[in-house]
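Listed below, chain by chain, are the residues.
2 protein chains.
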Amino acid sequence: MEIRQWVIERTRQAKHASRPLSLLSTEVKNKALEAMANAIKANEATIVEANRKDLDAATQLSRAMVDRLTLTPKRIADMQTGLHDVAALPDPIGSNGGMWKRPNGLKIGRVRVPIGVIGIIYESRPNVTADTVGLCLKSGNAVVLRGGSEAIHSNTAIANILTKAAQDVGIPEGAIIFLENPDRQAVTEMLSLTEYIDLIIPRGGEGLMQAVTSQSKIPVIKHDKGVCHIYVDRDADIQMAQEVCFNAKVQRPGTCNAMEALLVHEHVAPTFLPSIGKKLHEAGIKIRGCPKTVSLIPNATRAIDNDWGREFLDLILAVKIVADMDAAMEHIVNYGSSHTESIITKNKATAQRFLKEVDASAVMVNASTRFNDGFQFGLGAEMGISTTRIHARGPMGLEELTCQKFIVLGNGQVRE
Amino acid sequence: MEIRQWVIERTRQAKHASRPLSLLSTEVKNKALEAMANAIKANEATIVEANRKDLDAATQLSRAMVDRLTLTPKRIADMQTGLHDVAALPDPIGSNGGMWKRPNGLKIGRVRVPIGVIGIIYESRPNVTADTVGLCLKSGNAVVLRGGSEAIHSNTAIANILTKAAQDVGIPEGAIIFLENPDRQAVTEMLSLTEYIDLIIPRGGEGLMQAVTSQSKIPVIKHDKGVCHIYVDRDADIQMAQEVCFNAKVQRPGTCNAMEALLVHEHVAPTFLPSIGKKLHEAGIKIRGCPKTVSLIPNATRAIDNDWGREFLDLILAVKIVADMDAAMEHIVNYGSSHTESIITKNKATAQRFLKEVDASAVMVNASTRFNDGFQFGLGAEMGISTTRIHARGPMGLEELTCQKFIVLGNGQVRE
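First to last, the protein sequences are chains A and B. Per our numbering, the very first residue in the first sequence carries number 1; after that it's consecutive. Per our numbering, the very first residue in the second sequence carries number 1; after that it's consecutive.
These are calculated hints, taken from the structure and not from any lab test. Don't take each hint at face value.
[Said to hold, decoys possible] In the BS3-like style, the derived pairs of lysine-lysine whose C-alpha atoms are separated by at most 27 Å in a straight line are:
| hint | chain 1 | residue 1 | chain 2 | residue 2 |
| --- | --- | --- | --- | --- |
| 1 | B | K15 | A | K225 |
| 2 | B | K278 | B | K346 |
| 3 | A | K217 | A | K53 |
| 4 | A | K15 | B | K356 |
| 5 | B | K217 | A | K217 |
| 6 | B | K101 | A | K356 |
| 7 | A | K217 | B | K278 |
| 8 | A | K348 | A | K15 |
| 9 | B | K278 | A | K356 |
| 10 | A | K348 | B | K278 |
| 11 | B | K356 | A | K101 |
| 12 | A | K279 | A | K292 |
| 13 | B | K15 | B | K225 |
| 14 | B | K31 | A | K222 |
| 15 | A | K15 | B | K225 |
| 16 | A | K107 | B | K346 |
| 17 | B | K101 | A | K101 |
[As the list claims (entries may be wrong)] Anything over 10 Å on all C-beta distances counts as not near chain A; from chain B, calculated:
| hint | residue |
| --- | --- |
| 18 | I3 |
| 19 | E243 |
| 20 | S295 |
| 21 | D359 |
| 22 | A381 |
| 23 | G412 |
Given the structure is predicted, the values throughout are model-derived calculations rather than measurements. Each residue gets a CB set at the ideal place from its N, CA and C atoms; glycine is no exception.
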């Protein structure tokens with residue numbers, strides 16, 4: 001069959017399922033999530049075997065890509081836990097606060113409803129398949145998944161296991177559609193189907209982000225790069241600054257909420273930089289600094305223009321000494337990606353100004369940027385961190401997978 | 001200057017203004033809104049003269065278009081009132097509920113912030129210029145306006161008056177950008193500037209909607225057509241059904257929330273349809289019905305396939321007799337535009353099912369569809385009725401012109 005026609009038919013199935021799916025009770029949805037978790041466990045051998053095929057074919061991939069592709073027993077167990085956790089979260093569908101009454105007697109309220117059909121386009125990590133299917137199902141959305149070709153066997157196996165488990169407990173056919181055709185044209189076609197898909201969520205690197213946003217006719221919520229800064233203020237607790245900055249850079253440098261650039265007030269630079277520089281060097285971090293930084297940290301090299309505003313996702317940190325907080329905020333405006341920004345200061349007025357004037361999905365005081373995360377915020381499982389300014393910004397959880405409808409109760413009101 | 005370059009430079013000014021604008025106090029914003037209202041009043045003669053030029057040139061336009069283009073003294077007064085009303089509304093920027101505390105001591109909260117730069121693309125009605133500038137300013141957003149070429153003199157005059165008034169009280173230059181170049185290429189260029197514009201809101205007919213959504217690289221919130229139904233149930237209060245249906249069709253047929261199709265339960269059709277048919281006929285409404293309808297209403301003609309799901313915006317109504325509510329809901333799924341749907345029934349269980357199962361920006365019981373409106377819902381002034389499923393759905397007011405950021409207060413927390 002022609003690819004376009006094939007994508008249309010598969011996607012239309014999702015659209016068709018979306019209405020019965022939106023009306024399912026919490027009980028049925030949770031039963032399906034539990035069944036899916038159990039099916040992952042029962043079929044672990046099948047998943048490992050499929051993953052083996054992908055790994056055998058992964059001769060051209062970088063070590064980091066192979067790592068993301070590998071399904072260890074821990075990661076398979078995490079998929080199960082993730083599904084159980086989503087089952088335990090409150091159902092986001094339904095009432096959204098009370099109703100209000102108008103002078104003419106009309107009662108008005110808001111109700112949360114599913115978005116409809118959500119398209120997920122992702123790379124490498126096959127556990128994303130289970131995570132996103134769980135979130136979409138709980139929020140009453142049908143999902144059309146398109147994973148990377150490098151993970152095709154793993155993703156297909158997982159999607160088949162989840163689909164069967166879900167259907168066995170009454171989830172409508174079409175609720176989970178996995179596009180197993182590795183042809184890139186399938187993505188292009190998918191992104192044109194405004195009639196069948198309501199929202200596209202791309203998860204992956206910059207190339208994927210750009211390909212999706214430039215092609216899509218469907219609304220996109222991007223989970224784009226994080227160029228996160230910490231500004232160490234003149235009134236910083238230096239010991240705290242050491243610990244927070246070390247954590248933000250070293251704890252997991254490959255994530256979008258890791259610190260990529262450190263801005264230091266010139267008054268504290270001479271006391272702060274040599275010691276944090278030593279600690280970071282010992283942890284294997286390469287520092288690329290402004291000229292003054294290089295004079296204070298023995299192992300630092302000079303940063304080039306391109307290092308400011310860059311998402312290294314690696315053991316590299318850009319460091320700049322600034323004259324004051326205004327200079328730090330100006331740098332963040334020019335080079336930040338509005339993902340996560342943090343200040344270390346004991347001065348409350350300074351902290352308040354930073355919180356007010358800096359614009360990002362999360363702005364922090366005296367905390368590691370690594371906390372910008374749905375679980376860490378106490379919001380539960382998430383799709384990722386949205387860097388889009390509309391609909392969802394920051395951790396995108398179950399509530400952000402819904403939209404609203406107004407309901408209006410009258411007794412014959414007409415408009416004058 | 002080349003058009004692309006010109007659009008980039010104008011739009012960049014808006015982007016540049018958006019940061020200082022986002023930090024303005026409520027007091028300054030309200031002062032600007034009042035000054036703008038007063039300036040409209042003081043410069044009424046200039047506006048009327050500019051509007052005269054547009055009307056003189058409007059030899060090719062339909063009567064309805066000329067009507068929308070005309071600025072009567074009442075409409076100019078309404079622009080002033082609108083700006084005063086927006087000044088009186090609460091500022092949507094700032095705190096959004098309290099903060100919550102995590103086990104590690106982190107305090108987390110949400111704050112509403114402006115979206116940034118909003119692009120408005122609209123047709124004919126020059127009063128949209130004042131209405132949208134007021135809403136964008138109050139919500140701290142810069143605005144890039146692109147009106148229809150048929151209203152170019154009126155829009156330019158209004159935009160200049162508003163801009164001068166705003167700047168005189170301290171609103172940053174660039175906060176209000178009106179693209180006065182009538183070349184269509186200016187729109188195409190505008191829709192490509194993802195770096196400078198955060199959201200596009202098109203306001204106008206189907207042609208404009210399609211042109212914008214197919215071209216835009218920027219997120220779009222559509223205010224699309226309303227194919228609104230009323231379903232008169234077997235348990236309807238027939239007197240109420242008469243009044244509500246008459247109002248929904250006749251009170252202002254050219255609006256998106258007017259009723260376009262009436263669905264009637266077969267049990268009540270023989271009592272209900274002849275009388276409502278007579279009333280509607282007397283009001284000049286032409287009825288296009290299914291065969292059974294035609295046999296019950298003397299002046300009705302047979303509907304063609306194309307009449308179902310059509311937004312007439314005119315003195316025309318499609319009428320269909322259905323076997324039960326399931327058939328009515330099926331018709332709404334197939335032909336509705338998810339804008340506004342209403343049921344007339346005394347049966348509470350039936351009403352609850354309709355409210356739950358019908359999907360639209362507003363679902364109503366025993367009320368005229370004409371109530372789907374920001375003012376009527378008590379939400380204040382609005383941009384229009386969003387038919388998009390993400391970010392805003394239904395009346396799009398000040399809150400929907402904001403996004404959020406998370407704020408996080410720590411005392412040195414690091415992630416394990």
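Results for each hint:
Annotation: proposed proximity of K15 of chain B to K225 of chain A holds, straight-line Cα distance about 21 Å (limit 27 Å). Distance hint between K278 of chain B and K346 of chain B is fulfilled; the C-alpha atoms sit about 24 Å from each other, no more than 27 Å. At roughly 34 Å between alpha-carbon atoms, K217 of chain A and K53 of chain A are farther apart than 27 Å, so this suggested pair is violated. Between K15 of chain A and K356 of chain B the CA atoms are separated by roughly 18 Å; this keeps the pair inside 27 Å, and the hint holds.
As the CA atoms of K217 of chain B and K217 of chain A are separated by approximately 9 Å, the hinted pair is consistent with the 27 Å bound. A hinted pair counts as satisfied when its Cα atoms are at most 27 Å apart, and K101 of chain B with K356 of chain A qualifies at roughly 20 Å. With a CA separation close to 45 Å, the supplied pair K217 of chain A and K278 of chain B exceeds the 27 Å bound. This hinted pair does not check out: K348 of chain A and K15 of chain A have alpha carbons roughly 51 Å apart, beyond 27 Å.
Simply put, K278 of chain B and K356 of chain A have alpha-carbon atoms about 62 Å apart, too far for the 27 Å limit, and the pair is violated. Taken as a hint, the K348 of chain A and K278 of chain B pair is broken in the structure, with Cα atoms around 72 Å apart against an allowance of 27 Å. Between the alpha carbons of K356 of chain B and K101 of chain A the distance comes to roughly 20 Å, so the proposed pair stays at or under 27 Å and holds. Proximity of K279 of chain A to K292 of chain A is assessed by CA-CA distance (about 19 Å); at most 27 Å being required, the pair is judged to hold.
Of the pairs offered as hints, the one joining K15 of chain B and K225 of chain B is violated, with about 31 Å between alpha carbons and a cut-off of 27 Å exceeded. Between K31 of chain B and K222 of chain A the CA atoms are separated by roughly 37 Å; this puts the pair beyond 27 Å, and the hint is violated. Pair hint K15 of chain A plus K225 of chain B holds up; C-alpha atoms about 21 Å apart against a cutoff of 27 Å. Of the pairs offered as hints, the one joining K107 of chain A and K346 of chain B holds, with about 16 Å between alpha carbons and a cut-off of 27 Å not exceeded.
Distance check on the hinted pair: K101 of chain B and K101 of chain A sit about 34 Å apart at the alpha-carbon level, beyond 27 Å; violated. Chain A leaves I3 of chain B outside its interface by the beta-carbon criterion, the shortest separation being 21 Å against a cut-off of 10 Å. The claim that E243 of chain B is not at the interface with chain A is violated, since a C-beta of that chain comes within 10 Å of its own (minimum 6 Å). Every beta carbon of chain A lies more than 10 Å from that of S295 of chain B, the smallest distance being close to 28 Å; the non-interface claim holds.
Consistency note on D359 of chain B: stated as away from chain A, yet its beta-carbon is not over 10 Å from all of that chain's, at 6 Å minimum. Separation of A381 of chain B from chain A is adequate, the least Cβ-Cβ distance of about 16 Å exceeding the 10 Å criterion. G412 of chain B, annotated as away from the interface, has a beta carbon of chain A within 10 Å; the closest lies near 4 Å.
Of the numbered hints given earlier, the model fails hints 3, 7, 8, 9, 10, 13, 14, 17, 19, 21, 23; all others are met.
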